[in-house]
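Peer 1: Those sequence lines, one after another, are chains D and F.
With our numbering applied, the first sequence covers 855 to 1316.
With our numbering applied, the second sequence covers -6 to 91.
Treat the hints loosely; a few may be bogus.
[Claimed, not checked] With beta-carbon atoms standing in for the labels, derived distance ranges: (1) D:M1280 - F:L1: 56 to 64 Å; (2) D:A967 - F:V9: 19 to 27 Å; (3) F:Y16 - D:G1147: 46 to 54 Å; (4) F:E(-4) - D:W1018: 40 to 48 Å; (5) F:I(-3) - D:L1028: 28 to 36 Å; (6) D:I1032 - F:D(-1): 19 to 27 Å; (7) D:R1174 - F:V9: 44 to 52 Å; (8) F:D55 - D:L1036: 23 to 31 Å; (9) D:Y1260 - F:D(-1): 26 to 34 Å; (10) F:V9 - D:N1116: 30 to 38 Å; (11) D:L865 - F:D(-1): 47 to 55 Å.
Calculated directly from the structure, the hints in this document are not laboratory data.
Ideal Cβ placement from N, Cα and C applies to all residues, glycine included.
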Amino acid sequence: MSANSVSLAYLVAAVLFILTLKGLSSPTTARRGNMFGMIGMAIAVLTTLSVTHNWQYILIAIAVGGSIGALVARRIEMTAMPELVAAMHSLVGLAAVLVAMAAFNNPVAYGIALPGELLHGSNRIELFIGTFVGAITFTGSIIAFGKLSGKLSGRPLRFMGQHWLNLALGIAMLAFGIAFFLEPSWTPFLIMTAIALLLGVLLIMPIGGADMPVVVSMLNSYSGWAAAGIGFTLNNNMLIIAGSLVGSSGAILSYIMCKAMNRAFFNVILGGFGGEASVAGEEDGVQKNHRSGSADDAAFLMGNADSVIIVPGYGLAVARAQHAINEMSKVLTEKGVKVRYAIHPVAGRMPGHMNVLLAEAEVPYEQVVEMDEINNEFADTDVVLVIGANDVVNPAAKNDKSSSIYGMPILDVYKARTVLVVKRSMATGYAGLDNDLFYMDKTMMVFGDAKKVVEDVIKALA
Amino acid sequence: MTEIVDPLVMNLTVFVLAIFIGYHVVWNVTPALHTPLMAVTNAVSGIIIVGAMLAAKPQEMDIGTILGLVAVTLAAINVFGGFLVTQRMLSMFKKKGK
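Start from the sequences, fold in the hints, and give me the full structure.
Peer 2: So this is what it looks like as structure tokens:
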């Protein structure tokens, strides 16, 4: 294929990638969008294959990687999506580093330098940026994966002078980048890469488990920028376009997550949330009373209500109670109760996670409502069932200025006529705060495993 | 104008325009589909496979082509894994309705 036809084919692929994201604006067009993405990727890969020599080896590599990917995609549990996404970000990061190294090793093969010629100045800068973004994405995502999958502690790891160390490393990395720009050789390139790898670890280690939705979104963004950076090096517009789409998507998701948690982006990056606040609830020492009831009581209240709103949190997914809760809402709906689900943007461990978990349990799409749309309706609701959620329904976010979550948008559960809370114990949530909702007169606590409680409710309703 | 524009400037033009497109398209994504959005963008960032294939391209094998082949394998995991898991998630949303 001529260079022009290759570029035109790449243009088609780039347009298809834009349509992929556009398709996700509604569930009805999303599947077609995903199909566009697959076609775009197939066009890009086949076009590139037509201009390569080692196509046999490349096909084998694609077959190996593709089978692993397909297997994982088929096997992965929906609760483990955040880990999968983090793991995949690390692969993109590593691939970017490897491609940059290969480009530096043999710039002639990429058509970015003539034989015997050194790399151009602008290529050196691009290579430097692509490599360090890729390297930080690689190790940062591995740490995020470890924290999300429980292989590493979710607690923030902090030590004295951490920020200064990071700053010093950042400056050192930049210095070796400049050295590479002045004199392109392997030594500064490899030292710079090693520092970036270390920085990836140090930047993510201090970030607590509660902030992981932001981190995953941020690394999503980085993986896109890494691809775009490589696109600059190779003068490949398709890579730049696809990379920028991913980069801006991740950046927007990070912003949405930060807003939903009322956290400034830089505070998240600087880390430390969710570790030291864990004793906050004990400070007043006043014995507060809560009312507790059984699953039968809960069934009686919900069975006689006109409207029920279910507020699911990650605890629901941990207890694998999604299917049970869908059964329960079916029974309630048959009794003429209006059932809906209220979703807080950070319910779950990545953006939109709870929607997927409910979708997997075949909860009807129209019953699932986002926070902004349902918040006005709590006051007119007979019973709210909070299950496995805590901080996102804590009224302290609205009325306690001293609270660490003050200002965070919450679901206005406290306005409902009756509140049922299913929890294993009175323990605090991620933010380590006590929740006044649990001590209100209209609140009844139902202690126990979420799945067991919901199954008992179903039995009592029958 | 006899001067040739540096490719860096052309790349920058494409880059900035693509960010604008990304910004506007992504704000239209419904929050319910944010997880599939992340999975599909993961697959799209697997586009780095093209760069990896070009690294593996030269006829004579050396360290560069081997790095390229490793990168192709890694990126292929992303491409296949990302698109297929997105498809799996979206089919759950499709079963919706009564």
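Peer 1: Compare the structure with each hint and give your call.
Peer 2: Here is what the structure says about each hint:
1. At roughly 60 Å, the beta carbons of M1280 (chain D) and L1 (chain F) sit within the given window of 56 to 64 Å.
2. For the pair A967 (chain D) and V9 (chain F), the beta carbons lie near 26 Å from each other, so the given range of 19 to 27 Å is met.
3. About 49 Å separates the C-beta atoms of Y16 (chain F) and G1147 (chain D), a value consistent with the hinted range of 46 to 54 Å.
4. A C-beta distance of roughly 46 Å is found between E(-4) (chain F) and W1018 (chain D), which places it inside the suggested range of 40 to 48 Å.
5. Separation of I(-3) (chain F) from L1028 (chain D) is about 30 Å and conforms to the stated range, judged on CB atoms against 28 to 36 Å.
6. Checked against the hint of 19 to 27 Å, the pair I1032 (chain D) and D(-1) (chain F) passes, with Cβ atoms roughly 20 Å apart.
7. Checked against the hint of 44 to 52 Å, the pair R1174 (chain D) and V9 (chain F) passes, with Cβ atoms roughly 46 Å apart.
8. About 26 Å separates the C-beta atoms of D55 (chain F) and L1036 (chain D), a value consistent with the hinted range of 23 to 31 Å.
9. Y1260 (chain D) and D(-1) (chain F) have their C-beta atoms about 51 Å apart, which leaves the hinted 26 to 34 Å range violated.
10. Between V9 (chain F) and N1116 (chain D) the beta carbons are some 31 Å apart, a value that agrees with the proposed interval 30 to 38 Å.
11. Remark: the range hint 47 to 55 Å for L865 (chain D) to D(-1) (chain F) is contradicted by a beta-carbon distance near 21 Å.
In this structure, the earlier hints numbered 9 and 11 are contradicted, and the remaining ones agree with it.
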